[in-house]
Amino acid sequence: DAKTTQPPSMDCAEGRAANLPCNHSTISGNEYVYWYRQIHSQGPQYIIHGLKNNETNEMASLIITEDRKSSTLILPHATLRDTAVYYCIVRVGGAQKLVFGQGTRLTINP
Amino acid sequence: DGGITQSPKYLFRKEGQNVTLSCEQNLNHDAMYWYRQDPGQGLRLIYYSQIVNDFQKGDIAEGYSVSREKKESFPLTVTSAQKNPTAFYLCASSPRLAGSYEQYFGPGTRLTVT
Chain A
33 DAKTTQPPSM DCAEGRAANL PCNHSTISGN EYVYWYRQIH SQGPQYIIHG LKNNETNEMA
93 SLIITEDRKS STLILPHATL RDTAVYYCIV RVGGAQKLVF GQGTRLTINP
Chain B
60 DGGITQSPKY LFRKEGQNVT LSCEQNLNHD AMYWYRQDPG QGLRLIYYSQ IVNDFQKGDI
120 AEGYSVSREK KESFPLTVTS AQKNPTAFYL CASSPRLAGS YEQYFGPGTR LTVT
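Sequence order for the protein chains is A and B.
Numbering of the first sequence is given in our numbering, commencing with residue 33 and proceeding in unit increments.
Numbering of the second sequence is given in our numbering, commencing with residue 60 and proceeding in unit increments.
Treat the hints loosely; a few may be bogus.
Unchecked claim - In silico SDA-like links for lysine to any residue, alpha-carbon gap of 20 angstroms or less:
id, chain 1, residue 1, chain 2, residue 2
1, A, 129, B, 161
2, B, 68, B, 147
3, A, 129, B, 117
4, B, 116, B, 96
Please keep in mind that the hints were generated in silico from the structure rather than gathered at the bench.
Quick caveat: nothing in here was measured; it's all calculated off a predicted structure.
I would like the entire structure built from these sequences, with the hints used as guidance.
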């Protein structure tokens, strides 16, 4: 019941922008889009989240389409340390759990 | 340094033994969570707690027990009733249960039961 669809894997060159897409066509009006990443054998790391507007923080930017059916996570200048599995999650604000799907395995190449 | 600590990082037990995994946070967060992750899979919620002395079952609570006697601590016991206990266990916390708060995760404990 992940409610999101992501490509299983992507590659990006070091120093370039990494753009990770996510489809969430059944998203409801009160559901947020969250992005986490997990480096092998570590706990997931929160990256960013948004409801309707585009968001930016020190790690990434989140672009949400106007109909909210899809979004893109942008890592502006990817480094080798950004190699990880990236999870896109939709979550109601009051929900107690995060439902992780399969995610996208992003590999940053030197 | 604020954060969530889990110990130990690796844990080995014989089948039939109960084992308790530690989770401590100094973020002053009200809500705490336990997830389980199997190889190549996403996370599944075991238990969660939104306040001291209160906790709720998640999707896969059978064979597990928890306590929340202190705000900072949320230990998980894997009992002998858990059929497939070998997994990567992750503890998380958030400021509140409700609202758009993100969850912060600990480094995880990898439990192997033979």
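Hints and how they fare:
no.: 1; hint: 129/A x 161/B; in the structure: holds (10 angstroms)
no.: 2; hint: 68/B x 147/B; in the structure: holds (10 angstroms)
no.: 3; hint: 129/A x 117/B; in the structure: holds (8 angstroms)
no.: 4; hint: 116/B x 96/B; in the structure: holds (17 angstroms)
Hint compliance for this structure: every hint is met.
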